[in-house]
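Read top to bottom, the protein sequences are chains Y and A. One rule links them: number in our numbering = place in the first sequence (from 1) + 242. One rule links them: number in our numbering = place in the second sequence (from 1) + 410.
Simulated from the structure, these hints should not be mistaken for lab results. Among these hints, one or two may not hold up.
Here are some, though not all, of the chain A residues that point toward chain Y, as calculated from beta-carbon distances under 8 angstroms [what the hints assert, rightly or not]:
id, residue
1, Ser431
2, Leu435
3, Ser541
4, Gln635
5, Ser636
6, Gln646
7, Gln651
Glycine is no exception: its CB is placed at the ideal position from the N, C-alpha and C atoms.
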Amino acid sequence: MSRSPRPATWTALTFAAVGALALSACTSPASGETGAGDEELTVLLISSHEGASQWLKDEYEKKTGVSINPVIVPYDEIGAKLSLDQQSGANTIDVAAPWYVSIGDLAADGSIQDLSEWIESDDEIDTEDFIPDIYDPYTLVAGKRYGLPFDGDTHVLFYNKEILERNGFTEPPATWDEYVAQAKAITENESANGVYGAAVFGQKSPLILGASFANRLAGFGGEFVGADGKPSINSPEAIAAAESLRDISEHALPTPAETAFGEGNAAWFNGKVAFIENWTDLGVGSQDPNTGSLVADKWGVVTLPVGDASVESRASLVAGFTWVIAGNTDKTELAKDFIKWASSSEVNEALLTSLPPTGIDPNRVSSLESDSYGEQYPELQEVNRATLSGALAWPTGENAGQAAQVLVDELAKYLAGDGTAKETLDRVQSEWEELLG
Amino acid sequence: MLSLLVLGAFPLLFIIAAALSESSLGRPFQEWVGADNITRAIADTDVVASLVRSSVYAAGVTVVSVTLGVAVAVALHRTVGAGSVVRTLLLLPLITPPVVVGIVWKLIFNPSGGLLDTVTRFFGYSGPPLSLLSSTDWALPAIAIADVWEWTPLVTLLVFAALLGMDPEVREAAALDGAHGIRLFAHVTLPAIRGVIGAVFFIRLVIAFKAFDLIVLMTSGGPGQSTTTPSYLIYQAALQQFDVGRAAAITLLFALVVTLVTIPVAVITRRLQQ
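Kindly generate the complete structure, drawing on both the sequences and the hints.
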């Protein structure tokens, strides 16, 4: 005869399980490393920059003997992590590389230092060499410099040559209408085999869906903010950009709403999509056998399509990251030395071609035009030159992060079938006028 | 008393103060703005919709979880002693980290080769990929399925413990009097454990209101706003937009709604226990 467990045992187990659940709900994430001695710097970076962080750690330690403790967080948590670290008094972070759009909010909160005087007085930084369309948006808020550019990060259009050939296309699209037409044809022809016309980043995040919209806004000749400094997000160009984004969603890898970097890049590396808008460093990864890429030597890259064939393609500064120094660090001088070195031409040039891929794009004219970059990745060098003339940047300054989120929330509703592009962007315009003035 | 102040009063006062002030993540309480944050939150259709959505979601998953959990607990009780492996397996969702639960269910619902897609095609479906998580109608029910899978074992565990605590002689006497099956459950078992079921319903309801991790991992609140709950809006406002004042205002509204929904449940539970 089998014996059943005693009620008291089960009751005890039950309370133990409930207690464990309650405790697990109360635990906080592990705090980052603490900056120990004078010869140590704690550097906060996003997960996409993990490869770069290892390179920077090794090389800086080799060069100076100073230890670097990289703290890696998801891309959408770096601003909050830095701000909470400073506001709480923990002050474990010395240097960080957040999204450039968040610089205004971090500055307003006192989480980062005003570096204007130092940058102006230190000729070795060679600010003239930074790509002009990147330098100001990435570092300047209300006339003050809060950092130095780290990762250029503009999108370009990658295409799979084999898929285009199979479907009778001899050239990649030059306009967004051609892009939709080609993607539609490819999806109709090959979706039964799991191959689609395009992977479209559509997950509801400023760095994902916001990037897809910004690419089209640049191509249709629109701006986030007009020359008078006021929002212009409901312009005819912006409306055309939103409509173009909805047009491609129907023919994209299922489904754009679920597609973030991981899903989109995996489909690209597996040869399952003909087009993907991505950062130029995707080309480095596409050639790297360690990424599991099946598209090595089978891809091409062009600048982003445009709304009208008569218009020149513009780069869109969809992401982009800036070196900043934490507001309360007591290692300011060491931090300055590190970010001066990490944003230098020699470091940027090395990161562009380093393997395994570092996820870094050009931030300086000299590294963009360097022989090493041109020899190894001539196509990437060519498309990256688009950043040299009139790139589209997100609004910066206080509330810029909130403005980006408002746009993305409304776009997500529009792509889910709620209302027209004009109604959507009119709502955004109204909220932006309040947030950005 | 001190612990009550620290654990209860301080966070509440902080939230109220933040809701009445202009507060950012790095600089709380910059300026008192009265009820501005609260009135703006009430006027925000996304906030109101999320409160309604969260209430409907919580009620739905609670009813399903408690019904399933009680059924499984009763079935387990009947096989007590012979099903220790089954009982252990049933606890698996409960001990699986929520992050893993979200990732697993996202993969199951993946329209490109996910389990659901594979199974439906195996049985002859040849239409476009099933994309539950990108459907404004199906995304929330899909998250609810994962939620029910994750938390029903807790209900089972608590009800099972109550069943084991019952005096077996009562059931035996009822059985001798001819009560079996549904009649035995309805007239003997259920009255004996209804107080526990009520308490479990209350706990499950509160857990369902707090749904956050599954939403972040599976849909990021989309498509559109169709899976955006107050918890997700609070996270966005505080940690992505640095607007702690708005986050606190939504928190207060959310607390009010949760209180209004849970008070009747608490009252009914108390009566059932009596």
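So, going through the hints one by one against the coordinates:
no.: 1; hint: Ser431; verdict: 15 angstroms, violated
no.: 2; hint: Leu435; verdict: 4 angstroms, holds
no.: 3; hint: Ser541; verdict: 5 angstroms, holds
no.: 4; hint: Gln635; verdict: 6 angstroms, holds
no.: 5; hint: Ser636; verdict: 7 angstroms, holds
no.: 6; hint: Gln646; verdict: 6 angstroms, holds
no.: 7; hint: Gln651; verdict: 4 angstroms, holds
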